[in-house]
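Colleague: Given the structure of chain H, go ahead and fit chain A onto it with the hints provided.
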Amino acid sequence: MAQVMMKELNKKYDEVHAVKDVNLHVRDKEFVVLVGPSGCGKSTTLRMVAGLEEITAGEITIGDRVVNDLPPKDRDIAMVFQNYALYPHMTVYDNMAFGLKMRKFPKPEIAKRVQEAAEILGIQELLKRKPRQLSGGQRQRVAVGRAIVRHPQVFLFDEPLSNLDAKLRVQMRVELKRLHDRLETTAIYVTHDQVEAMTLGDRVVVMKDGWIQQVGEPLELYSKPANRFVAGFIGSPAMNFMDVSVAEANGALWAETPGLRVKAPASIAGRLGAYKGQRVTLGIRPEDLHVATGSDSADYCVEAVVEVVEPLGSEILLDVKVAQSVIVARVDPTVRAKLHDKLRLALLPEQLRFFDNKTELAI
Amino acid sequence: MAAARSAGRTRDIRLAYLLLAPTLLLLLTTLAYPIGWEIWTSFTDLSPLKDGSAEFVGLTNYGRLLGDPEFWRAALVTVVYAIITSVAKLALGLGFALLLARPFRGRALVFLAIFIPWAYPAGVSVIGWYWTLSPPTTTAYAPAMGHLKHLVDGTLGTGAWAFTSIILFNIWRGSSFIGVLLLAGINAIPPELFECALLESKSRWRRFRLVTVPLLRPFLALAVFLSLTGAFADLANVWMLTAGRIVFPVIGTHAYFLAVKAGQYGPASALALTLVPFLLTILLVLFRLFDPPRREAT
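Keeping their order, the protein sequence lines are chains H and A. Position 128 of the first sequence, counting from 1, maps to 128 under this note's numbering, and the rest follow consecutively. Position 233 of the second sequence, counting from 1, maps to 596 under this note's numbering, and the rest follow consecutively.
Think of the hints as simulated: they come from the structure by calculation, not from any bench. As the structure is a prediction and not an experimental result, all values here were calculated from the model. For glycine and all other residues, C-beta sits at the position ideal for the given N, C-alpha and C. Treat each hint with caution, since some may be false.
Label-pair ranges, simulated between beta-carbon atoms [stated by the list, open to error]:
| # | chain 1 | residue 1 | chain 2 | residue 2 | range |
| --- | --- | --- | --- | --- | --- |
| 1 | A | T386 | H | L339 | 53 to 61 Å |
| 2 | H | T199 | A | K565 | 34 to 42 Å |
| 3 | H | G273 | A | F467 | 56 to 64 Å |
| 4 | A | T386 | H | S135 | 37 to 45 Å |
To be clear about the criterion: a stretch of chain A counts as covered by chain H if any three or more of its residues have a C-beta under 8 Å from a C-beta of chain H, and this derived list gives those stretches [to be verified]:
| # | region |
| --- | --- |
| 5 | 441 to 447 |
| 6 | 561 to 568 |
| 7 | 575 to 589 |
Derived lysine to aspartate or glutamate pairs resembling EDC-like cross-links, with alpha carbons at most 20 Å apart [to be verified]:
| # | chain 1 | residue 1 | chain 2 | residue 2 |
| --- | --- | --- | --- | --- |
| 8 | A | K565 | H | D74 |
| 9 | H | K208 | H | D356 |
| 10 | H | K29 | H | E217 |
| 11 | A | K565 | H | E53 |
| 12 | A | K565 | H | D76 |
| 13 | A | K565 | H | D202 |
| 14 | A | K565 | H | D69 |
| 15 | H | K263 | H | E287 |
| 16 | H | K73 | A | E555 |
| 17 | H | K342 | H | D288 |
| 18 | H | K338 | H | D299 |
| 19 | H | K112 | H | E125 |
| 20 | H | K321 | H | D332 |
| 21 | H | K224 | H | D288 |
| 22 | A | K624 | A | D408 |
| 23 | H | K276 | H | D299 |
| 24 | A | K624 | A | D431 |
| 25 | H | K263 | H | E303 |
| 26 | H | K208 | H | E8 |
| 27 | H | K263 | H | D288 |
| 28 | H | K177 | H | D209 |
| 29 | H | K321 | H | E307 |
| 30 | H | K73 | A | E558 |
| 31 | H | K7 | H | E53 |
| 32 | A | K565 | A | E555 |
| 33 | H | K263 | H | D202 |
| 34 | H | K101 | A | D431 |
| 35 | H | K338 | H | E360 |
| 36 | H | K104 | A | D431 |
| 37 | H | K101 | A | E555 |
The shape of chain H in the complex, shown without the other chains (with noise of 0.2 Å):
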């Protein structure tokens, strides 16, 4: 078990800046999520760890020892491939033995350690298999279980999950959660999928375009989003934004576009104060939001246009027309709303969130 590192870690290729200026300090036992769309430089990072991409810049320390110039092998981290990367010409036994067999264990050993990462996994009955044999589901196990019988320091997760159908995905979520919670090794563990990111994640490491966005526990990055960017990432269905622009009136400051007037709450209005007369983004959740009744105060109420209903069941979608715009509100599952319903609205006050247009900091 052990620490990982990474100082002003960069990756260049040849015209493409894929990792800028990273910095991470991935904790003991932690298991830490790297997120973002595809180019992020997530996998380039993760990579980077692994010894399977060059440092360009930078250095990553696991345990105590600098381990730039150290072969993928003497670096004591498993990684687990998205395609299983197992090997066709050999039995699910021999896939999980592979690293083992290739640093020279005793026979006995590796024997007992298959069996003990079998039983973990619930694969006993495939260990004489070929890999075309298995399911998806049983493929990832076995990739899962090769890394496990090398206990190493560090699991390198490259999205692992991305293969398998939706519901085995949520099904081996679990299963991963509930390893780590087990064998308590750290990890890094890479997907596009935010939803993975906020399940598995101790913390979650937000990325775009080569840089770190913001790092942070799950809910910490849901209600306090750095910047536009993490606040549109993070969250499903995404963050609602309007272009408004900031107006003084009656002793407060209000959010302002044809169709729409929003007064900001007191808490946000000092640091919003010095964006009088000039035009930010508005963030709201759709969760923020629900039908308006009496109690709701006109500062926060705005008229909506029903122009989709996606009844879910358990909540209701509706995609409105507010303002100039069209957003997501997510009402409860006795709303009664038809196409083409006009709406009212209200916002709650506290999780409007607000967002430089420049820097697309949060404000």
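Modeller: Okay, now just chain A, sitting in the frame of chain H:
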């Protein structure tokens, strides 16, 4: 229901045969008929030099072959030729493929250099090789090549240098092809399988032996198959490089000589047919490696 389905099935099968008919006709006329004719001829004394019709002579042609030292010599030369060229082509081709599988500066140029021998027309290449190995006397290195020829012919017998040049030409051209074939094979293997091995071992040799070779097995088998069968049935390379002045005949050239130069169709057919069991054996042995059995005991 069942009757209707079976009627539909019959119709499908009929249609399938109808669609296959042109191919079958082509195969029958271009493959089955000549082979059948050759087998028949091998049992006769058919010859353009003989008056009257061909007579059935049974196994006489085969019997004569077995007692003919020329046949045994040609067979030995063919086996030596096939083995030397196949081993060398496989080693070189694999080396080329491994070299080209990794990106490096100037890779495109190296790829071209390696692929040109195969892409270039054989006839033109042969002339280049001929002039390189037997340069006109005014060429600066002509004396050196002359010495080499004398040295090789002096040690191994007249014609050895010519035979060596055939082997070299075959290797030069064939390793180019096998290199590209194996490169395609390596590229078809997901890179994670190699990366996974990289995480577990520093030794290139161990990774090569335990991962690369087994993963490439179907491609290696195909390469060996093409190389061996090509060499066993070779006629063109040997004929072109030596302009028919053959001192080291292989089965192919010997059969050609018997049939076209000596007009002995019967013995020539018998001789050519002796290759069939060898080619079939090679095919059957390697077939198991192309596509390993799907169903393992569980």
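Colleague: All the hints need checking, so say for each whether the structure fits it.
Modeller: Now the hints, each set against the structure:
Distance hint check for A:T386 and H:L339: the Cβ-Cβ separation is about 59 Å, which falls inside the suggested range of 53 to 61 Å. Between H:T199 and A:K565 the C-beta distance comes to about 37 Å, which sits within the given range of 34 to 42 Å. The beta-carbon spacing between H:G273 and A:F467, approximately 59 Å, falls within the hinted interval of 56 to 64 Å. Judged by the Cβ atoms, the range 37 to 45 Å given for A:T386 and H:S135 holds: they are separated by roughly 39 Å.
Coverage of a stretch by a chain is defined here by at least three residues with a beta carbon nearer than 8 Å to that chain's beta carbons; for the region 441 to 447 of chain A and chain H the count is 0, and the condition is violated. With 5 residues bearing a CB less than 8 Å from a CB of chain H, the region 561 to 568 of chain A meets the requirement of three and the coverage assertion stands. Counting residues of the region 575 to 589 of chain A whose beta carbon lies closer than 8 Å to any beta carbon of chain H gives 3, which meets the minimum of three for the stated coverage. The suggested pairing of A:K565 with H:D74 holds, with an alpha-carbon distance near 9 Å, which does not exceed 20 Å.
A threshold of 20 Å between alpha carbons decides the hint, and for H:K208 with H:D356 the separation of about 18 Å falls inside it, so the pair holds. Restraint check: the Cα-Cα separation between H:K29 and H:E217 comes to about 15 Å, which is no more than 20 Å; the hinted pair holds. For the hint linking A:K565 to H:E53, the alpha-carbon distance of about 15 Å falls within 20 Å, and the restraint holds. Pair hint A:K565 plus H:D76 holds up; C-alpha atoms about 13 Å apart against a cutoff of 20 Å.
For the given pair, A:K565 sits about 33 Å from H:D202 by alpha-carbon distance, which is inconsistent with the 20 Å threshold. Straight-line distance between C-alpha atoms of A:K565 and H:D69 comes to about 13 Å, which keeps the hinted pair within the 20 Å bound. Proximity of H:K263 to H:E287 is assessed by CA-CA distance (about 19 Å); at most 20 Å being required, the pair is judged to hold. The suggested pairing of H:K73 with A:E555 holds, with an alpha-carbon distance near 15 Å, which does not exceed 20 Å.
The hinted pair formed by H:K342 and H:D288 meets the criterion: a straight-line CA distance of about 19 Å does not exceed 20 Å. Of the supplied pair hints, the one linking H:K338 and H:D299 is violated, its CA atoms being roughly 25 Å apart against a limit of 20 Å. Proposed proximity of H:K112 and H:E125 is supported: the alpha carbons are some 15 Å apart, at most 20 Å. In summary, the hint linking H:K321 to H:D332 is supported, as the alpha carbons are separated by about 18 Å, within the 20 Å threshold.
For the hint linking H:K224 to H:D288, the alpha-carbon distance of about 14 Å falls within 20 Å, and the restraint holds. For the hint linking A:K624 to A:D408, the alpha-carbon distance of about 16 Å falls within 20 Å, and the restraint holds. The straight-line distance between the Cα atoms of H:K276 and H:D299 is roughly 18 Å, inside the 20 Å bound, and the hint therefore holds. Among the hinted pairs, A:K624 with A:D431 is consistent with the structure: their alpha-carbon atoms are about 18 Å apart, no more than 20 Å.
As the CA atoms of H:K263 and H:E303 are separated by approximately 15 Å, the hinted pair is consistent with the 20 Å bound. This hinted pair checks out: H:K208 and H:E8 have alpha carbons roughly 16 Å apart, not beyond 20 Å. Of the supplied pair hints, the one linking H:K263 and H:D288 holds, its CA atoms being roughly 15 Å apart against a limit of 20 Å. For a cut-off of 20 Å, the pair hint linking H:K177 to H:D209 is broken: about 28 Å separates their Cα positions.
A hinted pair counts as satisfied when its Cα atoms are at most 20 Å apart, and H:K321 with H:E307 qualifies at roughly 7 Å. Restraint check: the Cα-Cα separation between H:K73 and A:E558 comes to about 11 Å, which is no more than 20 Å; the hinted pair holds. Note on H:K7 and H:E53: the hinted pairing holds, with a Cα-Cα distance of about 16 Å set against a maximum of 20 Å. With a C-alpha separation of about 16 Å, the suggested pair A:K565 and A:E555 falls inside the 20 Å cut-off, and the hint holds.
Pair hint H:K263 plus H:D202 does not hold up; C-alpha atoms about 36 Å apart against a cutoff of 20 Å. Distance hint between H:K101 and A:D431 is unfulfilled; the C-alpha atoms sit about 56 Å from each other, more than 20 Å. At roughly 35 Å between alpha-carbon atoms, H:K338 and H:E360 are farther apart than 20 Å, so this suggested pair is violated. Between H:K104 and A:D431 the alpha-carbon distance is near 57 Å, which puts this suggested pair outside the 20 Å criterion.
With a C-alpha separation of about 19 Å, the suggested pair H:K101 and A:E555 falls inside the 20 Å cut-off, and the hint holds.
Checked against the numbered hints given earlier, the structure breaks hints 5, 13, 18, 28, 33, 34, 35, 36 and satisfies all the rest.
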